[in-house]
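Visitor: Given next are the chains, with one letter for each unit.
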Amino acid sequence: MSREEMDALAKERLVGIARTWYDQMRDGIVPFIRLPTRTKRNIEYDDASEVWKYGERESTRAATNEKGAVHLLKMAYLIGFLKQQLVENRSSTLRELYYISEGWKKAKFGAQDESNHLIEDLEIITEVQREAFHLRPEEDGASVFGPLRIRETTRRGVKEMHCQEDVGEAGYPIPNNVDNLEFVDHDAKFVIAIETGGMYARLMENGFDEEYGAVLVHLKGQPARSTRRVLRKLNDSLGLPVVVFTDGDPWSYRIYASVAYGSIKSAHMSELLATPQAQFIGVQPSDISDYNLPADKLTEQDVSALKAELTDPRFATDYWRSQINLQLEMKLKSEQQAFASRGLDFVTKEYLPTRLSEMGII
Amino acid sequence: MVLAEDLAKQQRSISVAEFFEKNKHLLGFDSPTRGIITTIKEAVDNALDACEEAEVLPDIFVGIKKVDNEVYRITVEDNGPGIVPENVPLVFGKLLYGSRFHQIRQSRGQQGIGISAAVLYAQLTTGIPTLVVSRTGAKARAHRFELLIRTETNEPEIISHEEIDWDRTHGTRIEIQFKSTLAAKKRLVDYLRLTAIVNPHARITADIDGEMTVFERVSNEVPPCPKPILPHPHGIEFGALKRIAAANTGTVEEFLIGSFSKVGKKTADEMIALAGLKPSRKVNKLESEELKRLLDAMQAVKVPAPPAQQCLSPIGEDLICKGLEKEIQLDFIKARTRPSTVYGGHSFIIEAAIGYGGKVPPEGTAQLFRFANRVPLLYQQGACAITSCASQVNWKSYGLSQQGLPMGPVLIMVHVASTNVPFTSESKDAVASIPEIEREVVLVLQELGRELKTYLYRRDKKKQQDDRARAICSVIPEIAAKVSEIVEQPLVDTSPIEGKIMRKVVAKKRTVDGKVRIDVNNYTAKEVTLVLYNLSRDAAEDAKPRPDFVDSMDGEYNKVWRCTLDPGEAWHIVYTGSGDGSVDLRGVEDGRKVVVDLDV
Chain G
1 MSREEMDALA KERLVGIART WYDQMRDGIV PFIRLPTRTK RNIEYDDASE
51 VWKYGEREST RAATNEKGAV HLLKMAYLIG FLKQQLVENR SSTLRELYYI
101 SEGWKKAKFG AQDESNHLIE DLEIITEVQR EAFHLRPEED GASVFGPLRI
151 RETTRRGVKE MHCQEDVGEA GYPIPNNVDN LEFVDHDAKF VIAIETGGMY
201 ARLMENGFDE EYGAVLVHLK GQPARSTRRV LRKLNDSLGL PVVVFTDGDP
251 WSYRIYASVA YGSIKSAHMS ELLATPQAQF IGVQPSDISD YNLPADKLTE
301 QDVSALKAEL TDPRFATDYW RSQINLQLEM KLKSEQQAFA SRGLDFVTKE
351 YLPTRLSEMG II
Chain E
1 MVLAEDLAKQ QRSISVAEFF EKNKHLLGFD SPTRGIITTI KEAVDNALDA
51 CEEAEVLPDI FVGIKKVDNE VYRITVEDNG PGIVPENVPL VFGKLLYGSR
101 FHQIRQSRGQ QGIGISAAVL YAQLTTGIPT LVVSRTGAKA RAHRFELLIR
151 TETNEPEIIS HEEIDWDRTH GTRIEIQFKS TLAAKKRLVD YLRLTAIVNP
201 HARITADIDG EMTVFERVSN EVPPCPKPIL PHPHGIEFGA LKRIAAANTG
251 TVEEFLIGSF SKVGKKTADE MIALAGLKPS RKVNKLESEE LKRLLDAMQA
301 VKVPAPPAQQ CLSPIGEDLI CKGLEKEIQL DFIKARTRPS TVYGGHSFII
351 EAAIGYGGKV PPEGTAQLFR FANRVPLLYQ QGACAITSCA SQVNWKSYGL
401 SQQGLPMGPV LIMVHVASTN VPFTSESKDA VASIPEIERE VVLVLQELGR
451 ELKTYLYRRD KKKQQDDRAR AICSVIPEIA AKVSEIVEQP LVDTSPIEGK
501 IMRKVVAKKR TVDGKVRIDV NNYTAKEVTL VLYNLSRDAA EDAKPRPDFV
551 DSMDGEYNKV WRCTLDPGEA WHIVYTGSGD GSVDLRGVED GRKVVVDLDV
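For the protein sequence lines, the chains are G and E, in the order given. Just so we're aligned, residue 1 is where the first sequence starts under the working numbering, counting upward by one. Just so we're aligned, residue 1 is where the second sequence starts under the working numbering, counting upward by one.
Derived by calculation from the structure, the hints in this document are not laboratory data. This one's a predicted model, so the numbers in the text were calculated from it and none came from an experiment. Take these hints with a grain of salt, some might be off.
On the chain G side, residues computed to face chain E include the following (Cβ under 10 Å) [claimed, not checked]:
hint, residue
1, L9
2, R13
3, L14
4, V15
5, R19
6, Y22
7, M25
8, Y45
9, A48
10, A63
11, E66
12, Y77
13, A340
14, G343
15, L344
Don't be surprised by glycine CBs; every beta carbon is placed ideally from N, CA and C.
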């Protein structure tokens, strides 16, 4: 879909909400809107797409009391603003949006959480992503390095570049709106998503990308939406397997889970954001003992996070249960750079090739 | 081994005063902070009891002044009947001396130790004698005493005694100085406030270290003074029976009829027959064994309850509400006085009140005010039967959350009035667990709980309606304006929604650009004739239509319009002004009208 077509669609869907309310009021009906209940209880695993999505539960927001009415009023102001933004071909960040509401009197947002939430509601209702409303995320997209040629439509024209030859040490930065990105060709065998910058740089320095035909993607901690979309797109459109390499602690497993299974907050977009085929490399709890890695003691929070994961349906597999139980027994966690204790090349020469061939990737 | 003779040398009798000197906590003097409250409580109790007996409206002054490092002077002065000079040293300088100990009726003081214990406490901590001034009437002069207590003998020691001039025509003033602190000042003020609540006929003026507080009376009627009654056969114990029987010269039958309440010839004969005694026997000649049989028979025979209305003096539902409302601002208050009941031959009446909202702290557990015979109970709340009853009630079914006591802006007051309030200790802080009393307290709290539930339900419903009215009259038009702008259509009319949802008479006031507009819509199915009141600082000289009546006071104008509206008819007023003030609609019943001030 072209940019103009996308703008037109987003505008039409937004104005459509307002038109529904207009008609309701004209017919003497108190304006209301329905949308899926956004709680953990309303998240269901979709067998067809292998991602977690919202279930059947729906809630109604109606203007029958002051709170409900103010909620719809805020949504109306938000729709008015986004429409204006689309008409004038401008964009803003979520933070800017929150500040813009200062002048909306009764419709002013109490906190940024509130406006963020409303934007997500609008995404769900319109089935259009917020990028299409010209809302830019604050956070930088992460970066990509590897045998991949891409084409990006920028404000200053179409640019084409190769993610090894045409970029610097930092790699190619993923733009906020992945819809403007096109993969031209590639020479890759798989994609490796890496949690920390140190490991990303290590793989680059050791020439891991060239040796194994790997596209390196830096996650920068919990990955931004645009990063997750790029991973999905690499998996979907190029058919490249995706593997995830993180630290060996409970919080890092959640980073993997959000890449592979999607999150509750953005369950309406799981099909765009999640890569169900993504596999976890490590650091596995068993690696800590197998490779005798330097480790830290688990904190109380770590232990309760691990226990919570044992009851999380997304981790309900034999693999995760045995690894998590093992970690609870050892009471230890390790960072991915702990492999450096065995020499700087150990991770690229020994650990990763072994794991990747075990997993059937290479 | 120590010989019994050696031990005997150490054994001697202990005077009451000496005993309490060593056991101050028994009387509520366990800490310096408590000492002040206990002293004032005893003096005020005595003052109120005396005023009631003399049928005088109590006017009580309470003063606390720091005279030296750690030394405070407590002054309590009343307008009661005064005390005859011969008795002054005994009342204040001898423990266990009083007028009410042998009587069966509701009174605040009982044993006659409270105030003399304070005198004892003063002489223990400072050695300063207590000063008492008392005058019994306009014809008598006032007597001024300085007193101490001889602890070894429990007899008063008069340091000085003189006749003086006093501006009060009758009353008593006491000044006691002892070591203390004012750390519990808030508690003291609370005590006085609570006292004022349950004694709505009293005026209490307090001067706490120069800070004046007046608790004004809300009733000008002295409650009737409870009359002493004869003991009830079910409430008597063996020792007491033996004592009064020994002092009686009549026959058993005469004794039973003449010395006990609610015992007639029939009941007396039944008791005597059951005890296997001859009715003609002289009662003072009965053997211990026979008296025991008589006592058992007295307990076994059914006897009507003692005459409660004579010996008890409940505050009454109306005065409880007035007393509470005066001291604490409340949104809701309801009081109940239960019918009198009996435990072990002692009459009692439970009164209670429940208050909600207003100035009651909105967080935490309910405030619990406990009273016994019109005296506030300040300490040992946890040990008190009233507290456990209040926690037993299932408040959740009355719409309150609960953690033991109910939570939220709730105030619970319970008053136990009895000829013999069963306290857990001599310091009279907590009511003991007597099943009959507990049952009555639970019942009265349940009755009040139901009242509160009704109030909360109505309030929530009203709030819901107001909330809905504000949404429909104020927010929906704004949604309509914004939505119309987005879809680029003429402003959608929201009055159909208003009419459909409200089905009421709706008055809306809104000020835009210096123009005040009041819209009235009759969305009901009937014709209404209404009166619209608008009180504001705007003179509204250009009002269209003209008000039917304008009244101005202190720069505020009360404008009144009258109009009759058919079903579905709308009507409005416009004038130049700032739009402050308020709008009120009369002539339409509450459930059928909504007034919304969109300027607020």
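Visitor: Determine for every hint whether it applies to the structure shown.
Guide: Hint check:
1. L9: violated, 16 Å
2. R13: violated, 12 Å
3. L14: For L14 of chain G, the interface hint holds, since the closest Cβ of chain E sits about 8 Å away, which is under 10 Å.
4. V15: Holds. Min distance 6 Å.
5. R19: At about 5 Å, which falls below the 10 Å cut-off, the nearest Cβ of chain E leaves the hint on R19 of chain G intact, so it holds.
6. Y22: This hint holds: Y22 of chain G lies near chain E, its Cβ roughly 5 Å from the closest one there, short of 10 Å.
7. M25: Holds: closest Cβ of chain E sits about 5 Å from M25 of chain G, inside 10 Å.
8. Y45: Nearest chain E Cβ about 37 Å off; hint violated.
9. A48: It is violated, given that the least Cβ distance between A48 of chain G and chain E is near 36 Å, above 10 Å.
10. A63: holds, 6 Å
11. E66: holds, 4 Å
12. Y77: With a closest approach of 6 Å, the Y77 of chain G hint holds.
13. A340: Since chain E brings no Cβ nearer than about 55 Å to A340 of chain G, farther than 10 Å, the hint is violated.
14. G343: violated, 62 Å
15. L344: violated, 59 Å
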